[in-house]
Amino acid sequence: MKQIILVLAMMLTVPAAWAMTAQDIIERMEENQTHSTSIMEGRMVISDRFGDRESTYIAHTEGAGRFLVEFTSRYEEGQRILRRDDSLYLYYPDARETIRLQGAALRDSLLGSDVSYEDMTGGRGILDDYDAKLLGEESVGGAQAYMIELNAKTAAVAYPKQIIWVDAEEFVMIKGEQYARSGRLLKVTEVLETMDVDGFRFPSRIRVTDQTRRSQGTLMVVESAQIGVDLPANIFSLEELTW
Amino acid sequence: MKLSRIALRNIFRNRRRSILSITAVTVAAMSITLLFALFEGIRDDIRINAWMYESGEVRIRNSEFDRYDYLNPVQYTVEDYRELQDALLKREDVTMVSPRINIASAAFIGERQISAMGLGVDIENEKQFMDLESLLTAGRLPEPGSTEAVLAARLARDLGVDIGGTATFLTQTRRRTSNAFTVDVVGIVRFPVAQLDYSTYVLPIERADRYLLMDGGASEMLVIGAAADTKQTTELAANLRGFLDQRGREQLSVTPWTEIAPGYGYIEFASIVYDIIALFFFFLASTVIINTTMMTIHERTKEIGTLSALGMRGRELVRLFFTEAAYLGFFGSLIGVCVGMVIVAPLSTFGIDLGTSIDIVDMGMSSVIYPQLNMRSTVGTFIFSFAVALGASYFPARRAARLKPVEALRG
Amino acid sequence: MKTRRRAGRTPLKVFLILAVKNMARYRRRTLITASAIACGVAVFAAVASVMDGFSSESDRNFIDYETGSARIVAPGYWEEREQFPLDMVVEDSSEVIAQLEQEGWRAAGRTEFRGELVIYYDPFPEDGNIPMAFAGVDPDRDPEVFRLKESIEEGRFPAAGEDELIIGRWLADRIGAEIGYGVTIMTRTKDGYYQIMDLEIVGIFNTPNPHVNRNVGYLPLDTADYYLEMEDAVTGVIIRGDERVPGSLDPAPIASLMEDRPVRVMSFSDMNKEFAEIMEMSEQITSLILMLLAVIAIVGISNTMLMAVLEREREIGMLRAMGVRNREIQWMFFFEASGIGFIGAGIGVMLGSLLMWLLVTYGIDYGEMLGDIDLGYRFGEVLYGIWSFSALIQAAITAVIVSGVVSLIPVRRMLKKQVTDCLRHS
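Protein chains in written order, with my numbering: chain A, 12 to 254; chain B, 387 to 797; chain C, 1143 to 1568.
Chain A with its partners taken away, still in its complex shape (with noise of 0.2 Å):
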């Protein structure tokens, strides 16, 4: 019987798996991440040579374009990042005005992480910006993964190609390497633990470990979510950034 259910799972998920394109994954991954809001904790934790250092932090996101990230950790109290469609906005509590990142800057390392200021508060959808090719299934920690391999379509972006896994079942990344131009090894993302709420599911354990300095890696965490939730009003301001 068992064996039954299994072959006929078999049967109803591989070939209709084998009819999704590389695009259908994507928007069903993004579906999952992309929330019309949310208010999310989390932690980050940076490894390097000089030891572990944690900050905490809450995100508000609206859609995919918008997003402030509000330290609470003792050291970065107040500090804020907005990034609103293409801009990104610093406030700091010590600073009257709020620096914006534009160009190559978006690109520098967020508080000497692994993570870019850009990775770290997404930007626009990943179809904008990148071809996408499947490229197979495989399975990753156990769990069935598409593979897919994202071409940049414009210089827009800091990483010309990147190959991410997600995962068949529940549509959530489990896995991500980007590369540079020379197709060396950039960056490896593991998803460590995913999170589901109000069905939807993405990734709430991340460990991001830059290849070439070799580091112990930063290793974000989702702590707790509220999808769906009504945000103050302006939220996403320049003004209401340097209340």
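Bear in mind the hints are in silico, worked out from the structure with no lab data behind them. Given the structure is predicted, the values throughout are model-derived calculations rather than measurements. Each residue gets a CB set at the ideal place from its N, CA and C atoms; glycine is no exception. A few of these clues could be false.
Simulated crosslink set (BS3-like; lysine-lysine; CA at most 25 Å straight-line) [said to hold, decoys possible]:
no., chain 1, residue 1, chain 2, residue 2
1, C, Lys1559, B, Lys688
2, A, Lys164, A, Lys144
3, A, Lys186, A, Lys144
4, B, Lys688, B, Lys476
5, B, Lys688, C, Lys1163
6, A, Lys172, A, Lys144
Residues on chain C that point at chain B, a partial pick, calculated with CB under 8 Å [what the hints assert, rightly or not]:
no., residue
7, Arg1170
8, Ile1174
9, Val1189
Let chain A serve as the given structure and place chains B and C on it in line with the hints.
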């Protein structure tokens, strides 16, 4: 009559000739005094700049910072700098201490990212240590503890701000988090040292401490010894090493400026070039003295004839001329060095303005040089000029003395 | 009255001859005075040569290691060069260089960019990443333009097409690098993509510029072109001319050659505008020193000259007693003094040229004097002079004029005296 009396009388009798001889020695001695004073001024200037702005006479840092300094590991600090500062100032061999917080930072202007180096200092203390007030080209110094800052002229230009404006810098804190802060620009400064002049801004250390979460730690402490003498630097460094160990601060490193400041190498190099130039000066000065003496003796050939006809012996003649030359040389050298000193005295206070608006930043040299007198430029020059004058007169005198009276009279 | 005076006037030529005769007669005096002048001229010129050599040494180092004689860049690049923009470039560099070479210029392209040098524990003593500048250099052409290749202390220059890097001695010592070690450069391509290059350290250089020794690494230009996706664009084409005095190359012919291209041709002084005032200041110091030297030389010359004239008070008295006119006596002495000045200056020029030749050819080796001190600056261990004909000529002319003029002062004073007083003088 004693020879020296005759010599003196000869000098006074032929005043015009004596004045000429003395002038030659005087001018030579004076020029060399001035030259050495100028060189000493340049050397001193470079040294002082290095001490005041870059390295102190010795620099105290966290040794781990030294090890990783290319990574700017701000977390390695000199803990509780105030306590250490007070303790250091109590020492007899220390006159000035300057705690500093170095802030490697960046400002963002449009798409451009401009690197800037913040210097958190005790403003009151730096009025002495680096004569902060004299660096101001416009505006005023920041009030201690305030959010005010002064910017190096070039940085202000790059950032497009002036007095009354603000500038915001992004940096890394001691906790290795990032932080940004805004300063009110209240003044523009010019540093005579390359690294500082391009991108430095100076703000009160209390604020820097807060912004960088330094918790009473400083990036480094610059110390100037009581001797303020380069030769004592090694000793001072060794003493401070022992002092720090005694206080349980073994983690701090003590580095003498000779190992840090690029200006030091330049001083060493310049000293050599100056010595070479001085050599030329000595050579020319010698020929002037020799020529003048030779001329004097040549002119007096007839007199020599008369004297020897009167029975003065060769050796006595040589001694007579030699004594005369000694007097002339002595007074010439003395007057020369004195005149040189008189010229240098006001210059060492007011300086020689080399007339450029910027400094030789590369070498850490200022645009106003204050000539300095030292043993070499005064006593050394005196001895040299005197010796040359004596030496120059000996051979022509001997030659003249060897002349047969008849020949000499005919000349 | 008028006619008599005219009849009695002796032609100047006579005094000229008299002056020459006098010089020959009082050979010893002439010799002493002339030697004073010669020494003044020669030493002055030699010092000027050394000082000029000193300042041109740093100019030459600039040219040899940093700026070249002239440079072609994209408009606006120079002002932004500290940001290392890769979007302001000279396109079609091979074509540009070929065009320059056809006209006989030596030229090489360089692509300067910013990146992080990443090193790993084993073989390096520890992991690390150092933000620094890099430059792609043409292994064949660059040595024609810059002296970087000569400054290699260990290993060799990177070879075309290879993934190789050379770094400065200071940096190598600091990070514990040795030949054969692998390093990684992390940077961005021209378009802004992340890029990683794995390179092998094949050489360690030590230029006279500490900044370069600390902060710049060099790799083959074609390798940089490939990784940065420059497509034959470079950030600068550097040109080397044959100008004698460093920094004096006229960029006009290059500019006209590049007329049709959207580029800017920069001369040495354009590139060193920021240093122009520094140079002005070291010139100030030079002229201060030369002024002091001139004072000694002039006093030396006038002293001997004064004495030579004073000695001849009786002679002047006699000439006057014989009815020679004051003006004529003045002329006679002026000619004589100028003559001695001329002889002295002539010897001085010869002596000075010899000294200069020695200074230019052999220089002053002060390596010995230095001992263990590492200068680490823009200077070698030998200080060379440079040919400074203007200093020679200026010194010579000054010497002649000073001699002539100085001689007139005592003569005029003596002419004001009573003839008998002059004669009494012994």
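Each hint tested on the structure:
1. Lys1559/C <-> Lys688/B: holds (24 Å)
2. Lys164/A <-> Lys144/A: Within the cut-off at roughly 13 Å; holds.
3. Lys186/A <-> Lys144/A: Cα-Cα ~16 Å, so holds.
4. Lys688/B <-> Lys476/B: violated (73 Å)
5. Lys688/B <-> Lys1163/C: holds (22 Å)
6. Lys172/A <-> Lys144/A: The hint holds at about 11 Å.
7. Arg1170: Because about 6 Å separates arginine 1170/C from the closest Cβ in chain B, which is inside the 8 Å limit, the hint holds.
8. Ile1174: OK, holds: isoleucine 1174/C within 8 Å of chain B, min 5 Å.
9. Val1189: Because about 5 Å separates valine 1189/C from the closest Cβ in chain B, which is inside the 8 Å limit, the hint holds.
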